[in-house]
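Trainee: Top to bottom, those sequences are chains R, A and V.
With the first letter of the first sequence counted as 1, position 236 gets the number 236 in this note's numbering; the numbers rise by one all the way through.
Just so we're on the same page, this note's numbering is the position in the second sequence counted from 1, plus 266.
Just so we're on the same page, this note's numbering is the position in the third sequence counted from 1, plus 532.
These are computed hints drawn from the structure, not numbers from a lab.
It cannot be assumed that every hint is accurate.
To be verified - Simulated pairs of lysine-lysine, DSBU-like, Cα-Cα distance not exceeding 30 Å:
| # | chain 1 | residue 1 | chain 2 | residue 2 |
| --- | --- | --- | --- | --- |
| 1 | V | Lys-716 | V | Lys-623 |
| 2 | A | Lys-470 | A | Lys-450 |
| 3 | V | Lys-733 | V | Lys-623 |
| 4 | R | Lys-255 | A | Lys-467 |
| 5 | A | Lys-521 | V | Lys-787 |
| 6 | V | Lys-787 | R | Lys-201 |
| 7 | A | Lys-521 | V | Lys-733 |
| 8 | A | Lys-450 | R | Lys-184 |
| 9 | R | Lys-204 | V | Lys-787 |
Spelled out from the first residue to the last, the chains are:
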Amino acid sequence: MIRIDDHPNGVDRVRLITFDRPEARNAFDTEMYGAVADALAEVAERDDLTVAVLTGEGSAYSSGQDLGEMGRLGSADRSEQRESGEYGFTKFIGTIEAFPKPIVAAVNGVAVGVGTTMLPYCDLVLASSAARFRLQFASLGVVPEAGSSFTLPIVMGWQAAAHVLFTAEWLSATEAVACGLVWKVVEPVALLDEALAVAGKIAKMPVVSLVETKRLLQATRLDVARAARAREEAVFSRLTGAPANREAIAAFLEKREADFTNLAGQ
Amino acid sequence: MIRIDDHPNGVDRVRLITFDRPEARNAFDTEMYGAVADALAEVAERDDLTVAVLTGEGSAYSSGQDLGEMGRLGSADRSEQRESGEYGFTKFIGTIEAFPKPIVAAVNGVAVGVGTTMLPYCDLVLASSAARFRLQFASLGVVPEAGSSFTLPIVMGWQAAAHVLFTAEWLSATEAVACGLVWKVVEPVALLDEALAVAGKIAKMPVVSLVETKRLLQATRLDVARAARAREEAVFSRLTGAPANREAIAAFLEKREADFTNLAGQ
Amino acid sequence: MIRIDDHPNGVDRVRLITFDRPEARNAFDTEMYGAVADALAEVAERDDLTVAVLTGEGSAYSSGQDLGEMGRLGSADRSEQRESGEYGFTKFIGTIEAFPKPIVAAVNGVAVGVGTTMLPYCDLVLASSAARFRLQFASLGVVPEAGSSFTLPIVMGWQAAAHVLFTAEWLSATEAVACGLVWKVVEPVALLDEALAVAGKIAKMPVVSLVETKRLLQATRLDVARAARAREEAVFSRLTGAPANREAIAAFLEKREADFTNLAGQ
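When you get a sec, could you build the whole thing from the sequences and use the hints?
Mentor: Here it is as structure tokens:
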């Protein structure tokens, strides 16, 4: 599910969290959301850990929400889970959006959906030159999540955000660094070393300064992001199972291109 | 005045709106503001239209407010028009700032004043390599409009916005894409095709997702932009006809350089 | 302390303010904060001055807060000074953050601490290719100041801001222009001429338009920046003299590397 390495390669005070479901391209199901949230919460609490590094096993960073699980769970179950905030997506986003210590992401491959929408909550995003990013919400008949209707325009600019959200097209690593989603693009073989190196530099600083600095940085953003997330979740729930979403899922299962042209106004 | 092409070049669900007063470099008078606003409103309402594309006929995108009309109308008339929100500038900006479907701008040439300040309300701005941008408000003794005192620092960054607003200098297409005002620069001959191509891609997505995504994107911006516009309009009205504005207009009519150096404090 | 040149090199309506303590790398002590604030206040008030240009004498722009003075003053004195808003840092930042006329910075060399955190309040920042920037707060066991926990993510983007704040590493002029902290990088020999040239262009515009435009630009930012500064100052006071700050100062005096690894939770 996930792997946890504390002080990886001897880098003190750093925890490396690896999404480890390569057979599912590291898709997030309820269990994995919870495991990552718990692993982060320990970094927040433990005095010997200062920085969290996130990466993925294999060729993907994360393919996003596990659509198989999404299909198995009924819409009511999902709404309940979202509202309770105890499990899955809500627990994970609630943890990362208010995380009190620095987070470094090392995006090793494809990052889809929540694989991308988690990135604005990471303080530094390094990406392999092989990484690619996709926000497929429109093509699924739903809307952005995780506060990304607020965070993406801030991070990427309105136009780059509108483009990826309105077209659901892939963004290359080069495009992602140009628009600000990614801080630095690195050769694949060097990605983890570079991410751990910068995490290690940060981890040498006084933790009290890091925590208070991050709290100050978050102060002008956290409430706005949470309000955006609340707005998004209301719409997301409403559109899940609506005609466009049903057509997107049917087309996926039938391996054909979706056709939304007769769904105007629905 | 304007031309309307629905499904141009066979691109379904797209309306192309062309500013068509090339003899006035596509300057906006009351009638053209109203015509564009109405053409947009139909896109918002009609189920067979999903994306609006804006461009200009001839060598200009738009030279901005029609100064001839501005001169003919008294200051009181303009104030009344602005306050009523029924005609002209206010109607156009009120429509575009809250527009519920995606807008793509294809800036084919010079974009002055409102020709530029409308662009932050477009979701994607493509520009011909021959396009140039100018915010001439300071040189006319007035202030930014259309919420641009808020939108330009967000889109371009404070410094690039301050530079164009404080100097009234031209911005090239290259500079405009570098600072974020423009999403993509295209060879003049390819501009409209590229704009229609991306509009066509967007128009294939479920309209419900596009509309709800745009509403979510606007949610953190719309009230702030409107408040900025209200502040701007109060100052704009006060400065219209004041000494600096009178000197700017006199210099324009007398074909000499304006001299504002004796107007300190006025 | 500082030099004041009105209409430097014949550039009308411009005041050049030069930080002139090269023996202290233009560090700010209470007297210099006050002198710069007063020199700026005169630009705000005088009808014959429209634009302020800031630069430094010698190889530094400013090395930031005078740590010698900081050491001599007790923590209680500093808190009193900060709260009174009458002297030093608070007076300077209070003046520059709400300054009613355009400010151009010509960063000639190293800019550390407040030497960098003042820059988001300048409307245009030109930098010598030899300039370097550093936010050393974390390495001193304290937090960002001058509203920079708000202004730096806005200007540089969250990730670039987090990197310099979390690592206390130097930023080159090239990096500073790439992330948006600096508007333009200039050869050292041409820096002041270019800064005065753009200041001179601005100074030819009607002052009423410049002042009202700047007020409109500030309207969406000023209250947020002040609230950020208030939050920062509460934390800064609390951390001054705390274990991490004491270790940083002790290491500085003993010319050794600081070791914060046993200070978790303090």
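Trainee: Would you mind marking each hint as holding or not holding in the structure?
Mentor: These are the hints, each one checked on the structure:
Taking the CA atoms of Lys-716/V and Lys-623/V, the gap is about 28 Å. The hint holds against a cut of 30 Å. Restraint check for Lys-470/A and Lys-450/A: satisfied, since their Cα atoms lie roughly 21 Å apart, inside the 30 Å limit. Straight-line distance between C-alpha atoms of Lys-733/V and Lys-623/V comes to about 29 Å, which keeps the hinted pair within the 30 Å bound. Taking the CA atoms of Lys-255/R and Lys-467/A, the gap is near 20 Å; set against the 30 Å cutoff, the hint holds.
As the CA atoms of Lys-521/A and Lys-787/V are separated by approximately 67 Å, the hinted pair breaks the 30 Å bound. For the hint pairing Lys-787/V with Lys-201/R, the CA-to-CA distance comes to about 20 Å; that is within 30 Å, so the pair holds. Restraint check for Lys-521/A and Lys-733/V: the C-alpha separation of about 20 Å stays at or below 30 Å, so the hint holds. For the given pair, Lys-450/A sits about 22 Å from Lys-184/R by alpha-carbon distance, which is consistent with the 30 Å threshold.
At roughly 18 Å between alpha-carbon atoms, Lys-204/R and Lys-787/V fall within 30 Å of each other, so this suggested pair holds.
In summary, the structure is inconsistent with hint 5 from the numbered list given earlier, while agreeing with all the others.
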